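Listed below, chain by chain, are the residues.
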Amino acid sequence: MKRAALLLFLALSVIAVPAFAQSDVFLLGFTGFDYESPNLYPGTYLAIGEGYNTLGFVTAFGTYLAPYVNSTTNEYTYHYYDLTVRDYYFDGSYLEVVFVDPGRGRFFEDSKATGTAALYGITPPNATAPSRFIDGTVILGGRIDYLVLSYDFGANQGGFSGNISFDEGALLGQIPLAQRNGWTLAGLAGRPNPSVPVGYDHQISGECRIPGSVPATHRTWGALKALYR
Amino acid sequence: MKSKIGVAAVVGLLATALSATMATAQCTPEPTYPGVMIKFDADAWAYETAYTASTSISAPGSQLTVVGLVSVFCNPFSDLNPADPNTEYTFIWDGLTSLGTVTTPAGLSLRYSTKYVGGGFRIYAGSPRNAPTAVTLPALPAPGVVPDAFVDGTMILSGAMDTLIVLYTRTSTGSFTTASFRADYWATGGTLYDRVGDAINPLTGAWCVVPQSTPKAGTCTLPAGWSAHPNGKWDTPITVPAVPSTWGKIKTLYR
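In the order they appear, the protein sequences are chains A and B.
Its first residue numbered 4, the first sequence is counted upward by one per residue in our numbering.
Its first residue numbered 134, the second sequence is counted upward by one per residue in our numbering.
Bound conformation, chain A alone:
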């Protein structure tokens, strides 16, 4: 009976195991827009000393957070801020900037019934952005380091990536301590792009990823039996 039960457990464990040992996993995805603030040199995009901001909506949650969110009753938003340009490279069509460490990234939950609906408006910061994207409960937040942004003005597209180390938020406890040093990445799509409101620079589509769980190691049959004594 014990042997049959153990074999059943092993069979069910095989069904539950992912197709491969993931070394990084999807945490959440988002879409939004970005803008400069402060925009110290309007004639130069992301000059040294200028600030970079992006905000918008969370569009999907991965398995770590999905059980603890409810998009029917809540609005989920994000905001990356305190990102100041430190290094600047531009060759006439390609831009690459590096930001001062650390910046900050936060994700929010706001009740649709009692909260305030987030609105982009135009020419941010404005009456609703970022204020209506950063009210509600911080469900996750972290410092952003080594953020790099590149943009090809010939192709009107670019991207950013950097580390994000989660250290706050109501759902922080749902991410194991060993998996909180993740990274964030996004694609940028600039004009001509009819979706980008006046005063914003690019449309954003991106996500956060975290290291996967520790993969299983080889065990002997004796070691496995010892777990159930």
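If you are wondering where the hints come from, they were derived from the structure by calculation, not from laboratory data.
Be aware that one or more of the hints could be misleading.
Short derived list, chain B residues pointing at chain A, Cβ under 10 Å [said to hold, decoys possible]:
(1) Val169
(2) Val205
(3) Pro209
(4) Leu241
(5) Met294
(6) Ile298
(7) Phe314
(8) Gly322
(9) Tyr326
(10) Gly330
(11) Asn334
(12) Pro335
(13) Gly338
(14) Ser346
(15) Ile371
Just so you know, these numbers come straight off a predicted model, no measurement behind them.
Glycine residues also receive a C-beta, built at the ideal position from the N, C-alpha and C atoms.
Given the coordinates of chain A, work out where chain B should sit on it, guided by the hints.
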């Protein structure tokens, strides 16, 4: 012993049931702006016939295919639910022929640019839910699953793309990678074609390449055979107003 196994079995089944990402309907475009129409997040991946992961190079003539699951529907598809347990919304991009990756030094970084031509897309509503997700993604080849599980059901929308441009940069700062894709699309068919028509619109997003060796920020580790994980969206055609609009307002967008 029995109680421990019972708990372990329940936990295992629960983990399997929660393996799909949860779609959230965050569709609030700024008035008079079109916004996102269809988005994909965790569950989208690319593979090619002639791509070398260790160098991130796509050879000329390589055939690119992208498959995935929709995570969000917005106007004019807000009535569709990507989390419907009985209906799975999948998509495929295919017919994309690589013109070969061109690398260009940029300061201390290296830029990679790949153009793919001749592509199209199809979006399906199928049942039962049988496509792999990020948690269950198989290595390639996966006959009978990839791309089969992504092209079953009713084709609700199909279309063509102009040149798909994929850009990524390996930077000198800790070798981080920034990557993106962009193309213009227009619908050509499908049972829901009449909702969008054939206006040209952007299809854009992040393109997370598999690491050349060790994982780094901006890369995504995937099972063998896959080349990248895109995260992006089809935008709503400008001719489909998200809110009531006037011809005068639409014209101002292009001045």
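Go through the hint on Gly330 of chain B and say holds or violated, using the shortest Cβ distance to chain A against 10 Å.
-> violated, 15 Å
Closer than 10 Å between Cβ atoms is the bar; does Gly338 of chain B clear it against chain A? Give me holds or violated.
-> Since chain A brings a Cβ to about 4 Å from Gly338 of chain B, closer than 10 Å, the hint holds.
Does the nearest C-beta of chain A fall within a distance shorter than 10 Å of the C-beta of Phe314 of chain B?
-> holds, 7 Å
Does Ile298 of chain B meet its interface restraint, that is, does its C-beta lie within less than 10 Å of any C-beta in chain A?
-> With a minimum Cβ separation of about 5 Å from chain A (threshold 10 Å), the hint on Ile298 of chain B holds.
Measuring from the C-beta of Pro335 of chain B to each C-beta in chain A, is the shortest one below 10 Å?
-> holds, 6 Å
Given Leu241 of chain B was flagged as interface, is its beta-carbon under 10 Å from a beta-carbon of chain A?
-> holds, 8 Å
Status of the Ile371 of chain B interface restraint (C-beta, 10 Å, chain A) | holds, 5 Å
Close enough to count: is the Cβ of Pro209 of chain B nearer than 10 Å to one in chain A?
-> violated, 15 Å
Given Tyr326 of chain B was flagged as interface, is its beta-carbon under 10 Å from a beta-carbon of chain A?
-> violated, 20 Å
At a threshold of 10 Å, is the proposed contact between Val169 of chain B and chain A supported by beta-carbon distances?
-> holds, 6 Å
Chain A contact restraint on Gly322 of chain B - CB to CB distance below 10 Å = For Gly322 of chain B, the interface hint is violated, since the closest Cβ of chain A sits about 23 Å away, which is over 10 Å.
Interface hint compliance - Val205 of chain B to chain A, C-beta minimum distance less than 10 Å = Result: holds, 5 Å to nearest chain A Cβ.
Hints 3, 5, 8, 9, 10 and 14, counting from the list given before, are not met by this structure.
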